[in-house]
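Chains as they are written, first to last, in our numbering: chain A, 1 to 133; chain B, 1 to 127.
Since the hints were made in silico from the structure, they are not lab data.
Among the hints, erroneous ones may be present.
What the hints assert, rightly or not - Here are some, though not all, of the chain A residues that point toward chain B, as calculated from beta-carbon distances under 10 Å:
id, residue
1, L6
2, S9
3, M15
4, W58
5, L65
6, V78
7, A80
8, I81
9, E85
10, S88
11, F96
12, T99
13, A101
Claimed, not checked - The following label-pair restraints were derived from C-beta to C-beta distances:
id, chain 1, residue 1, chain 2, residue 2, range
14, A, L29, B, D34, 15 to 21 Å
15, A, K12, B, V97, 41 to 47 Å
16, A, M15, B, R110, 34 to 40 Å
17, B, R39, A, H84, 25 to 31 Å
18, B, A6, A, P109, 39 to 45 Å
19, A, F77, B, W112, 45 to 51 Å
20, A, T113, B, V97, 43 to 49 Å
21, A, A67, B, L52, 23 to 29 Å
22, B, D36, A, A24, 42 to 48 Å
23, B, W112, A, A31, 41 to 47 Å
24, A, T113, B, L52, 25 to 31 Å
Built from N, CA and C at the ideal position, the CB exists for glycine as well.
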Amino acid sequence: MFSASLGDSCLKRGMTLLPPISLAHPGALIAAVFTPWIAVGIALLICFFASYLTALSWADLTFVLPATAFGNVVMVFVSAIWLHEHVSWQRWLGVFLITAAVGFVAQGPSLTTHPDPNAAQHPAPTPPASEPS
Amino acid sequence: MTGPLAAASMIASVVLTSTAGEVLTAAAMKSIGDLDDIRAQSGLPGAIRAVLTCPLFFAGVFFLALSFFSLLFALNHLSLSLVGPAAASLTVITNSVAAKIFLKENVDHRRWTAAALICIGVYLLAH
């Protein structure tokens with residue numbers, strides 16, 4: 001989520017440095033990909049996607065999604081601390097609610113485990129009782 | 001001028017394609033297994049190969065790309081302050097419902113509460 005937030009910030013910075021791009025000239029959009037800030041932003045977003053896929057391979061979607069929503073919180077802190085933007089109390093309340101949501105989910109199990117249907121049909125044999133010596 | 005029905009259709013298309021993409025990607029990663037284990041056994045190329053040889057993964061990426069272009073189309077007709085929070089909030093809810101139905105995830109009270117809090121939180125962040 002840090003790489004996603006930083007990647008979005010780099011894309012925003014890179015796109016604001018460029019002149020307005022018209023859809024009539026799509027070549028300018030492709031050329032924008034090779035500018036430093038946008039290239040770094042894309043690299044960070046690729047890192048985010050790789051981390052996201054890895055998390056989905058061992059955790060539930062409903063466990064991972066709140067964590068990705070936490071990226072919004074990181075963006076607010078970046079805006080307030082790095083860009084010195086004014087953050088209203090409504091946004092701080094939003095930050096608090098998303099943080100609370102991530103805390104809620106993180107306390108629970110990360111993966112849903114389903115009982116093995118074969119185990120119910122073919123119960124494992126009980127070990128023989130040990131004979132008294 | 002975009003009417004309310006057209007606006008709702010555009011937001012719905014963003015939400016539905018995004019949900020389909022997320023669920024298909026999650027299903028793909030579940031079918032592949034723990035990527036950390038695969039990387040430990042076969043290295044990073046093995047993990048990349050496992051992902052890139054899964055058809056479900058490409059179906060998920062296709063819908064995520066569709067969602068991205070739906071978002072661009074919606075932003076071309078509607079304001080960001082409407083599309084951004086509406087799409088982000090509704091996607092959290094539809095993902096929870098879809099994960100429960102299609103991925104058979106145990107979406108308990110804790111996760112429903114978290115989804116509701118994120119909806120409200122995203123709405124507040126956008127204002």
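Verification of the supplied hints:
no. : hint                       : in the structure
1   : L6                         : violated (18 Å)
2   : S9                         : violated (15 Å)
3   : M15                        : violated (14 Å)
4   : W58                        : holds (5 Å)
5   : L65                        : holds (6 Å)
6   : V78                        : violated (13 Å)
7   : A80                        : violated (12 Å)
8   : I81                        : violated (16 Å)
9   : E85                        : violated (13 Å)
10  : S88                        : holds (8 Å)
11  : F96                        : holds (8 Å)
12  : T99                        : holds (8 Å)
13  : A101                       : holds (4 Å)
14  : L29/A x D34/B: 15 to 21 Å  : violated (38 Å)
15  : K12/A x V97/B: 41 to 47 Å  : violated (32 Å)
16  : M15/A x R110/B: 34 to 40 Å : holds (38 Å)
17  : R39/B x H84/A: 25 to 31 Å  : violated (41 Å)
18  : A6/B x P109/A: 39 to 45 Å  : holds (42 Å)
19  : F77/A x W112/B: 45 to 51 Å : violated (27 Å)
20  : T113/A x V97/B: 43 to 49 Å : violated (21 Å)
21  : A67/A x L52/B: 23 to 29 Å  : holds (25 Å)
22  : D36/B x A24/A: 42 to 48 Å  : holds (47 Å)
23  : W112/B x A31/A: 41 to 47 Å : holds (46 Å)
24  : T113/A x L52/B: 25 to 31 Å : holds (28 Å)
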